[in-house]
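Student: The residues making up each chain are set out below.
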Amino acid sequence: MSATASPKPARQPERLEHGGLIDRGRALTFRFDGRALTGHPGDTLASALLANGVRLVARSFKYHRPRGIVGDGPEEPSALVAVGAGARHEPNTRATVVDLVDGLEARSQNRWPLLRWDAGALTGLVGAFAPVGFYYKTFMTPARLWPLQEAVLRRLAGMGSSPTAADPDAYAHRGAHCDLLVVGAGPAGLMAAWAAARAGARVILADERAALGGCLLRERVTLDGAPGHAWVAAVLDALRALGDRVTLLPRTTVTGQHDHGFWQAVERVADHDPAPAPDRVRQRLWQIRARQTVLATGAIERPLVFAGNDRPGVMLASAARAYVNQYAVAPGRRAVLFASHDEGYRTALDLHAAGIQVPAVVDPRAGVRGPLPDRVRALGIPVRDGHVIADTQGTARRGLNGVTVNRLVDGGPDMVPVGDWIDADLLAVAGGWSPTLHLHAQAGAKPVWDAERLAFLPDPERGKEWMCGGCAGVLRLDDALADGLAAGQGAAEALGLRPGAAPPLPTVGADDPAMAGSGQPQTALWAVPKPAVANGKRFVDIQDDVTVEDIALAHREGYASVEHLKRYTTLGMGTDQGKTSNVAGLALLAEARGEPIPAVGTTTFRAPYTPVTLGALAGRHVGAHIAPVRRSPMHAAQAEMGAVFQPTGLWLRPRHFPRDGETLAEAVRREVIATRSGVGLCDVSFLGKIDVQGPDAAEFLNRVYINGWKGLAVGKARYGLMLREDGLAMDDGTTARLADDHFAMTTTTANAVAVMTHLEYGLQVLWPELDVRVVSTTDEWAAVALAGPKSRRVLEEATDLDVSNDALPFMGVTEGTVCGLPARLFRISFSGELAYEINVPAGYGDALWRRLVMVGKPFGLTPYGAEALGVMRIEKGHVAGPELDGRTTPHDLGLGRMVSTKKSFIGRRLLERAALTDPERPALVGLVPEDGATVLAGGSQIVAVADRDTPPPVPMIGHVSSGCAGPGVGHPVALGFLKGGLARWEGQTVLVSHPLKGTATPARVVAPHVYDPEGRRQHA
Amino acid sequence: MMLIPCPWCGPRPRVEFSYGGPADRARPADDAPLEDWTRYVYERDNPKGAARELWRHGAGCRQWFVLERDTVTHAVAASHPLPGAEVAP
Ligand SMILES: [Zn+2]
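Protein chains in written order, with full-length UniProt numbering: chain F, 1 to 1020; chain H, 1 to 89.
Just so you know, the hints here were simulated from the structure itself, not pulled from any lab data.
The beta-carbon is built from N, C-alpha and C at its ideal position, and this holds for glycine as well.
Accuracy of the hints is not assured; some may be wrong.
Said to hold, decoys possible - Which residues of chain F face chain H? A partial, calculated answer using Cβ under 10 Å:
#1 260
#2 261
#3 262
#4 287
#5 444
#6 726
#7 727
#8 757
#9 764
#10 766
#11 767
#12 769
#13 912
To be verified - Calculated cross-link-like contacts (lysine-lysine; reagent style DSS-like; alpha-carbon spacing at most 27 Å):
#14 F:902 - F:716
#15 H:48 - F:446
#16 F:710 - F:903
#17 H:48 - F:464
#18 F:62 - F:530
#19 F:903 - F:716
Start from the sequences and build out the full structure, keeping to the hints where you can.
Tutor: What follows is the structure in structure tokens.
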């Protein structure tokens, strides 16, 4: 971050001469809608805009109303702007939480074409969208108008625009454990963290603002005779002095409470850096497991609801104080205060002290007396008690220029028809405080309505957090400090720590407004009556443009539940999630229902507390880092030979080995023909491998496979099919018996993990009495298939083992040395050729591949990839993933004869269900196109008609599961499923239709084993 | 995120585990009526409150075990090895 030392910074007309926690010695230059402006370190974008007299910053979502800055923090409902440029463009950021930095680019959004001259607002076009539920009503009919309406809507509605380029910044995740997490570093949070850390607790103290201190930075208070921020600095020094026991996390929003003390937080590490260095993390997602938690999240002020309450210049009273005190900005020069409780009067005192004119305080309560109102009166400021703001007036560009004040009749709900006019460019509104209970409620606590304090307070029964300060409804400063101390000590005790010496509680200045008690209770004025003639609407939720009338209308239309009201009106559904508007909305619904507020209840609080960027959630898991990559031990050797790799699950498998300019189809054709006529070599390390050992191993395999295993001789392999308990095929593979109590199982690549889990479930849950152990050995063995009529001759060159047909017949297994490496040798074939699978310990995989390539050279050994492997198994009629699709039975797959009737196995009973034994079920067939040329694509539909001219509807009788060009058989072949199977369709012609490609190909139904149906070659 | 006490490895975050349905369900005998089997394979209670569940520590010891958990509050009462599981040395 660099500060531009401008010799003559542009004047900031609304910057106060004195005060504030900003660095006036440095000027920062930024742009808003292209206009160059300046501010100072310590400013937010919002405070800097106000310092420059920029009051109109946005257009509203629905009505395109001019909107200004309402708050000074994360609750901001109104001042949503886009910051950053290009790939760093970020829409809908709250100007109140964007730290001002040199070079910041910010733009207003939701305007067309200009913020000051907006088509939607001027033409009244959006007037038609006014009633609540307009999405549901206006556009239902006539449907043909929808495309036009949609185009206009998309232009006028919506919130900002997304960047289209990839995010250039890096994000990180960090896990952390602590004894105590303290959320919020205001007076209560600081005392709690200090007390617990002193007692020896490992503490994380997180606060969403750039500077720790909370309201002590925003309010004029005296602690131990010094300004509040000086006490904050001293406490932070004391915390830092405790070393790494304390972690201070400014700019860190705790966004969610999850189960068992798990909290998620987002730290904005470099958001305040317009272009972070490439090695710098922009945001960090903290995942914190805390033994105890103190919530000191404070409270959020509520506005009041009256006609014209959305004009730029209408601001929360607490925010007006913060702009004056913390940022030394005059949010207006002539300010009216509208307050329904005593504490709001502090704003009049602070504004007056900063030299801002306060022509009146308006208070709906009659006969207001109390320490604060009396101090305001003593300054000569008129207090208009028993009055309300009935309406406001202003211009689009400058916002508010005056308010109308009407008298309430006998303090009741009616007001006199004609009011007084007061010139004002700022209207500060104080409608009471809402404790920030979001994190508390996210874990299931139910906030309780306090009818006296007019606020939801923490649930005394649920929630294990220590609630203190403003979020517990403790608003007076000395009480909040003591409450924080007690919470910190309580947490330390709960952690089993000896409290030790408590940190000293500071003395709050006796004259501080923060210490003044309330003269009389707050009044529940949820909406000021609407005058007969009003300039403005009465907004409850100014982000979503929901008015008092919308809530009444929704109720009349039957949306009496608060959850329905929310969804129908969109109340509280904006980026602010109704932090300032939900209570008034609930109260108005309760009024409409004629019930008390607790009967209406709140909507559900869900994480996150404030919006979280997708980048923070993704962290490092982007691009190639989304998942690990598994490579075969032979990967490097294959890459050297020009293999083209293809992701298969996490694996990278060679797809084919193209030679000078070959296409995929050409390479596959060559690889298949070379293998079928000579010898090919293929990596099969990707297959799942599971070692099964134990006295009951054969019995165990009997229970998981449909076929029998007890009779399998040592030194023999067998094809096995396993089912799920529902009777449908789960996986297949070849399993070899290495000893009486030792089997080597293989699974498909895709199901390796699922099969392992399945076996463990069987052994641990179903049959703990079986003495069997299973272990995954997929990564322990490298494996190749050596296939083709010349494979035996190559193998003879590579080993001293007797590999003759007599010594090692089809399905035989032996162990020995191959290419000088310790190996298991299996005579099994997926391709249909004479073939061997050679397994060596994974570390020898690279050597095995290279040596076999060398040994095989004189025989024309050709490496082949997954594509050729797939082609050869289709030609041979072997089923694989597309056939084992979770919907097929052994009978469907043509493997019905394997099903043993002599034993029990997983899936046996439900395989007997009528639906699974229906002879009409689709069963495996082979398909050959009549033209001998068209490849039948997997996924094609099969219909029982002669040609494509048959008018629909045509009954579908099946589908193609796998198809290929069939280079080994000289014409395309495919596998598929047809109702009634081969018995019904063999020799007949069906139509293979692929509607997406617009093709329909007559094909003949044949037995699936097209290539070498007698199996002579693999037995050779 | 729940902290699940694996009987073998101790408390670990929920992402290391997978849920495996209600505990204590007996697999029907081979010749049991189809209705029993259908119920065993397809039907699950969805208790509100206290529940005994099967969980597997897939990213740890790979053992299935019984977890006593409240499905509303997610409070964990206890966890037990399955009957027949070997006791850790
Ligand atoms: Zn474990």
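Student: A separate judgement is required for each hint: does it hold in the structure or not?
Tutor: How the hints compare with the structure:
no., hint, in the structure
1, 260, "holds, 4 Å"
2, 261, "holds, 7 Å"
3, 262, "holds, 4 Å"
4, 287, "holds, 8 Å"
5, 444, "holds, 7 Å"
6, 726, "holds, 5 Å"
7, 727, "holds, 9 Å"
8, 757, "holds, 7 Å"
9, 764, "holds, 5 Å"
10, 766, "holds, 6 Å"
11, 767, "holds, 9 Å"
12, 769, "holds, 7 Å"
13, 912, "holds, 7 Å"
14, F:902 - F:716, "holds, 21 Å"
15, H:48 - F:446, "holds, 18 Å"
16, F:710 - F:903, "holds, 11 Å"
17, H:48 - F:464, "holds, 21 Å"
18, F:62 - F:530, "holds, 21 Å"
19, F:903 - F:716, "holds, 21 Å"
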